[in-house]
Structures are given as structure tokens and as C-alpha cells.
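There are 2 protein chains.
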Amino acid sequence: MIDANMNGWEAGVRKVVPYTPGEQPKNKNIIKLNTNENPYGPSNEALKALEGMDMDEARRYPDPTASELVKALADYYSVDENQVFVGVGSDDVLGMCFMTFFNQTNERGERLPILFPDITYSFYPVWADMLGIPYETKALKDDFTIDAADYNGPNGGIVIPNPNAPTAIYMAKAFVEDIVKNNPSSIVIIDEAYIDFAPQGSSVIDLIDKYDNLIVVRTYSKSRSMAGLRIGYAISNPKIIKFINDVKYSYNSYTMNAPSIKLGAAVVKDEEYFRETISKIVKTREEFAEKIKGLGFTVLPSSANFVFASPPEGYTAEELFEECKKRGIYVRYFKQPRINNFLRITIGKEQDMRTVYEFFKDFLTR
Amino acid sequence: MIDANMNGWEAGVRKVVPYTPGEQPKNKNIIKLNTNENPYGPSNEALKALEGMDMDEARRYPDPTASELVKALADYYSVDENQVFVGVGSDDVLGMCFMTFFNQTNERGERLPILFPDITYSFYPVWADMLGIPYETKALKDDFTIDAADYNGPNGGIVIPNPNAPTAIYMAKAFVEDIVKNNPSSIVIIDEAYIDFAPQGSSVIDLIDKYDNLIVVRTYSKSRSMAGLRIGYAISNPKIIKFINDVKYSYNSYTMNAPSIKLGAAVVKDEEYFRETISKIVKTREEFAEKIKGLGFTVLPSSANFVFASPPEGYTAEELFEECKKRGIYVRYFKQPRINNFLRITIGKEQDMRTVYEFFKDFLTR
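Protein chains in written order, with this note's numbering: chain A, 1 to 366; chain B, 1 to 366.
The set of hints was computed from the structure by calculation and includes no laboratory data. Keep in mind that a hint or two might mislead.
[As the list claims (entries may be wrong)] Below, in silico cross-link-like pairs of lysine-lysine (PhoX-like), each with a Cα-Cα straight-line distance of 25 Å or less:
| no. | chain 1 | residue 1 | chain 2 | residue 2 |
| --- | --- | --- | --- | --- |
| 1 | B | 71 | A | 26 |
| 2 | B | 28 | A | 15 |
| 3 | B | 71 | A | 28 |
| 4 | B | 26 | A | 71 |
| 5 | A | 71 | B | 28 |
| 6 | A | 325 | A | 28 |
| 7 | B | 242 | A | 242 |
Quick caveat: nothing in here was measured; it's all calculated off a predicted structure.
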């Protein structure tokens with residue numbers, strides 16, 4: 001990480017290979033299905049909260065505890081306020097958790113590797129590298145599901161997204177619980193960024209009082225349609241939340257700005273709109289998956305707001321990715337082993353997905 | 001930092017003593033002079049920008065490069081866009097700089113300590129502890145000024161605020177330049193959070209092209225009246241900015257949310273209002289300092305939006321702090337060696353400072 005062969009101040013620079021986020025093109029006419037944003041806007045409560053903001057809130061420091069937002073989330077999940085940590089998107093929350101908990105050593109003082117799947121959110125290895133945390137990836141099975149047996153050995157912590165990304169595949173709650181139960185000496189982070197698009201009752205939030213080593217991480221960027229406000233949170237027991245908050249207060253006391261606290265607290269009150277948009281996305285997802293299967297695509301079973309799909313024989317995901325881009329359709333392509341013939345396609349509005357389908361159909365039957 | 005005597009996952013927890021920010025009381029009737037906020041609201045451009053926001057900006061991920069904000073700052077300071085780094089307040093910017101640059105070792109592979117004054121922004125040692133960076137503090141002289149000779153030895157980096165906090169004392173530009181020049185193998189961070197309240201021409205921003213080891217850090221929380229939006233920035237050469245950005249993208253790709261980008265870019269366009277509010281604060285500061293000197297206070301020469309003042313003999317800063325609080329006047333008191341008989345008093349509106357003065361007068365002549 002640190003290059004000792006350099007002279008002067010450059011020798012002390014932490015050199016890293018940064019994460020590459022999906023493109024954020026400035027042209028608004030494209031069909032943007034590359035960063036798993038929600039095609040529907042946030043609840044009207046967000047707009048009302050924005051309109052209700054006064055400039056005195058801009059002038060003053062925000063509440064460092066973000067208590068208005070924390071309270072709204074605690075009420076929503078029926079937990080105590082000291083069981084909620086909020087951050088600048090779930091990336092900040094996950095980064096803080098890595099920094100706080102992944103410093104385990106064995107009896108010889110050697111750092112223990114943390115574990116996560118070989119195919120998963122590509123930020124996990126980036127945080128590990130940046131923070132000097134050793135890690136081991138565990139290969140998904142051939143059907144892209146997780147093998148629970150892989151997570152039974154000694155480790156310095158475990159991170160698993162449920163549903164996993166970019167596969168979109170979901171694990172049953174009992175399966176997740178087994179991993180948590182089998183690792184009482186490790187912090188287990190379940191990254192539920194996409195769980196609201198999975199069958200209801202899939203979340204392990206209700207297990208946080210049963211196991212003292214479980215952290216559930218969530219985001220406003222997908223199901224809550226508020227990627228632009230940068231809000232993520234963790235739900236866990238008070239002890240764990242205090243440890244994360246201590247590290248957070250040692251880095252930046254005021255991470256959540258006034259608009260994020262205010263809009264974040266406002267939208268959780270609108271359950272009806274939340275359920276309605278999720279239902280629409282799930283319905284569109286199922287229809288789209290069926291239709292492209294009809295064109296010969298392989299589509300992994302999705303419990304998220306995107307599908308992971310491989311084109312029929314004779315075509316490559318990479319060429320399709322490039323062709324889509326030419327037509328103003330942005331999807332995500334990962335040029336990496338095992339998944340380099342898949343596209344990750346965010347579920348947009350019905351009309352967007354019809355356009356994508358029509359394009360695929362035209363292209364495959366030229 | 002890591003406690004190896006614990007069992008289970010707790011052994012791997014990064015245990016820290018977090019920074020304690022000034023209180024953010026929820027009662028709006030108090031006179032809040034404890035966190036160096038600007039008493040005047042932000043430019044009207046902020047409100048216009050907020051009103052111009054649409055919910056599609058809340059829905060989408062923000063631009064990870066925050067280019068609208070970066071461009072506005074680059075234009076304002078006549079530097080290139082690749083010479084500007086933006087973060088979630090200057091705390092985030094400083095934390096990222098500590099993480100990126102303060103990893104220097106000597107020829108035996110031992111970490112070199114970073115240097116900063118013994119009396120200074122209390123977050124510096126907190127970041128160092130959190131990140132495992134060794135540090136040495138250099139005692140301010142008896143008159144609370146910095147001794148430049150202290151910053152000539154081998155070191156792993158230097159951080160100096162100008163004006164310093166909580167002393168409010170400002171160093172001449174040539175003095176700062178000497179420190180930068182004498183340490184070509186170290187990154188020197190000049191934390192100019194309060195520089196806009198110092199005489200014009202005091203900033204070292206114009207030296208960034210002359211020295212390759214200089215980083216100037218600024219904030220929107222004081223002179224720009226936007227503490228609630230959490231915006232800070234660093235100005236340096238493109239190489240340094242790229243190193244910081246690489247680490248930032250390895251931690252959180254999208255740190256600046258849509259409102260902070262938009263409002264931050266908007267307010268720098270209103271130079272007139274900016275100059276006007278600064279003039280008012282400087283005028284009020286000078287008047288207030290003179291008046292409390294008349295009551296027997298010792299007041300350090302201030303080039304910031306606060307004064308650092310010690311009560312006349314027979315009174316302690318601590319009792320004055322408590323008495324102020326009882327009357328709804330919040331100021332800041334640091335119970336630490338050398339400065340435990342001083343109060344840091346933010347400069348509010350003229351009326352606020354009159355109230356504080358009257359209270360001091362009453363209290364001292366009971």
C-alpha cells in the first residue's frame with residue numbers, strides 16, 4: 001500500500017486502486033439502467049420537507065447525532081434509537097464498519113482475513129485494500145448461489161449482501177441466520193441494499209437482538225429513491241452501534257447534512273407510496289425477465305431492482321453493452337471472470353424496459 | 001488501539017476516544033456562540049438553488065466528481081478543476097488528507113510523527129489516534145504564537161491552522177511560506193478555515209504552484225454560512241488532488257449530495273454579500289474585543305470569527321462559562337492545560353454581542 005521506494009513526501013502516500021462507479025452521464029435523454037436507481041421519484045414527503053427548509057438550517061451545523069432521522073428509522077423498524085447508525089450512503093456505513101470491526105488477529109497476532117463471495121459488490125475488496133484488511137473470497141457455486149459451508153472457518157469478519165449483487169440472487173432467512181449463528185466470534189454484516197425488492201419477511205433485522213454479532217446495512221438509494229441525498233444506515237445492538245459511532249465521531253462529527261436528515265426522516269412516513277413503487281418495480285422486473293428469456297437470454301432469479309442476464313449463444317454481453325450504449329441505453333457490464341458474459345440491467349419504468357426489450361429483439365433478429 | 005485481551009469479535013474493534021463537538025442545543029432561543037457559525041444566513045443564491053432543485057436530483061446518484069461545485073471553486077480561485085478536492089466539511093477533507101499522506105517512515109521503516117501545535121484544532125490528535133499516525137505537538141510560545149523553528153526537524157507531515165484555533169491568532173504569509181519551504185519532503189497542510197476573517201491577501205492559496213507539498217484546506221461552515229450543508233475543500237496541485245481523490249473513491253464514491261453540490265456552487269457567485277457579512281463580523285469583533293478589554297478581559301488578537309478571551313483576576317473562565325449557559329449564552333470552554341482560563345466566543349450579530357457584554361459587565365460588577 002505504501003511505496004517505500006519513493007523519495008520525499010510521495011513515499012508516505014497511501015496508493016490505492018479506487019472503485020469505479022457506474023457512469024453518471026449528464027445527458028438526461030438516455031435510458032439510465034446502470035446504477036440501480038429507482039425510476040420513480042421519492043415520496044412527495046421529500047419535496048414537502050425540502051420546501052419547508054429554511055436558510056437558518058443551512059447556516060447552523062446540523063445535529064451531529066442526526067436524531068430526527070435516527071428516530072424516524074427507529075420508529076419504522078420498532079427498535080431503539082441507540083440501535084441505528086446513519087451515514088453518507090451505505091458506502092459510508094459499510095466503510096465505517098470495516099474500519100471499526102475488521103481488525104481481528106489470531107493468537108500469534110496475525111491479522112485474520114475477512115470473508116466475502118468472489119462475485120459480489122465490488123467495493124468490499126476496495127475497502128479492504130484501502131484499510132489494509134486481509135481478505136479471502138469464497139467462490140459462488142455454479143448456479144451463483146452462496147455455499148454456506150464456506151463461511152465456517154476462522155475469519156476476521158464476514159460481509160454478505162442479501163440479495164447478492166450483481167447476481168440479484170436472494171438467500172432465505174434461515175440460511176443467513178446459520179452464517180450468523182456459526183460465527184459468534186466474528187462480526188457478520190448483511191448488506192440488505194436490495195432487500196425491499198425481495199419477498200417480504202426476508203430481512204434479518206429482527207435477528208439483531210438474538211445475535212450480538214449481526215449488523216444489517218440498508219440504503220435510501222434504491223427502494224427509497226433518494227440516491228441523490230446519500231443516506232445509508234445500520235441496524236444492530238446498542239453496543240455495536242456505539243462502537244461505530246465512536247469511530248465516526250473520530251473521523252467527522254457531522255456527516256449528515258441538514259437536507260439529508262430532513263428528507264430522510266420525511267419519506268419513511270409514506271409507507272403507501274413506498275409499497276406501491278416497489279410493487280410496480282417487481283412487476284416490471286418479472287415481465288421483463290420473462291420477455292428476454294423468450295429471446296433466449298439466461299436470467300438469474302432476481303429479488304432486486306435489477307436483473308443479471310446473459311445473452312443467447314452467438315452474442316456476447318460486451319457487444320450488447322456497447323450496442324445499448326450507442327442507442328442511449330446505459331446498462332452495467334463487469335469485465336471480470338465468471339460474469340463477463342452478463343449484463344446487469346436496472347429495472348426502470350415499464351416503458352423503458354419495453355424499449356430495451358425491443359432493442360434486444362431487433363438486435364438478435366437482424 | 002486494538003485490544004488483544006478481549007474475546008470474540010470485540011478483540012478486533014478499533015477503540016477510540018472520539019472528538020466532542022460543541023453542543024447543538026435544540027432550543028432556538030439561546031444565543032449560540034459556541035461553534036463559530038456565521039450569524040448571517042447564506043447568500044440568497046443558496047435559497048434560489050434550493051428552490052430550483054427537482055426531485056429527479058434526489059432520485060439519481062449525484063455526480064461523483066461534484067463537478068458543478070468543483071468548477072465554481074476553481075473559477076473563484078482561478079485554478080484548474082483538477083486542483084480542487086471537495087468533501088463533507090473540512091473535517092472530511094482533513095481526515096482524507098491524514099489518511100492519504102501521513103504514512104511516512106524513516107530509513108529503518110519506523111513511522112515518522114506528524115507535527116502540529118499543542119494548542120490547536122482538537123480534531124488533529126483524534127484523527128492521528130484513529131488512523132494510528134504517530135504525532136508530536138509543538139508548544140506555542142507564551143504569547144500563543146507559533147515558533148517556526150519547531151517545524152524544522154524530520155517529520156511525517158505538518159498541519160497548521162491559519163488563523164490558529166482556538167487562539168484566533170494569525171501568522172503572516174511569509175512565516176507560513178517558510179514552513180512549507182523548509183519541509184520539501186513533507187506534506188504541509190494549512191487549514192484556512194478562518195482565513196476569510198483575516199486581512200485580505202493572507203491566504204497561501206497562491207503558493208500552491210510554487211511548492212509541490214502544500215495543501216490549503218477551506219470550509220463553507222464559517223465565512224460562507226453553510227455549516228448545515230457540510231462542504232469543505234482542498235486546493236493544491238493536480239498530483240496531490242489526484243492522490244486524495246483516489247483514497248476518497250476507495251472509501252465512498254459519492255460523498256457530496258445533490259443539495260450540497262448545488263448550493264455550494266451557487267453561493268460563491270455572490271461575492272458582494274460574502275464581503276459584506278465578513279466586514280460586519282470583523283467590525284463587531286473589533287468592537288466587542290475592545291469593550292470586554294475595558295472590563296479587564298485579556299483578549300488575544302483575533303483574525304477569525306471568534307475571540308479567545310480570559311476574564312479579569314478573581315474570576316475563572318469556567319465559572320463564566322457556566323454562568324453564561326444559565327443565561328442562555330453558549331460559548332466554548334476547553335478544560336485543558338494552558339487555555340483553561342479562556343473562553344472561545346463566536347462573533348454573532350451586534351445585538352448578541354451587546355447582550356454578552358452586558359452580562360459580563362453585570363456579572364463582574366455584582
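Tested hints:
1. The straight-line distance between the Cα atoms of residue 71 (chain B) and residue 26 (chain A) is roughly 15 Å, inside the 25 Å bound, and the hint therefore holds.
2. For a cut-off of 25 Å, the pair hint linking residue 28 (chain B) to residue 15 (chain A) is broken: about 46 Å separates their Cα positions.
3. Distance check on the hinted pair: residue 71 (chain B) and residue 28 (chain A) sit about 20 Å apart at the alpha-carbon level, within 25 Å; holds.
4. A hinted pair counts as satisfied when its Cα atoms are at most 25 Å apart, and residue 26 (chain B) with residue 71 (chain A) qualifies at roughly 15 Å.
5. Between residue 71 (chain A) and residue 28 (chain B), the direct Cα distance comes to roughly 20 Å. Compliance with the 25 Å bound is thereby established for this hinted pair.
6. A hinted pair counts as satisfied when its Cα atoms are at most 25 Å apart, and residue 325 (chain A) with residue 28 (chain A) qualifies at roughly 14 Å.
7. For the given pair, residue 242 (chain B) sits about 34 Å from residue 242 (chain A) by alpha-carbon distance, which is inconsistent with the 25 Å threshold.
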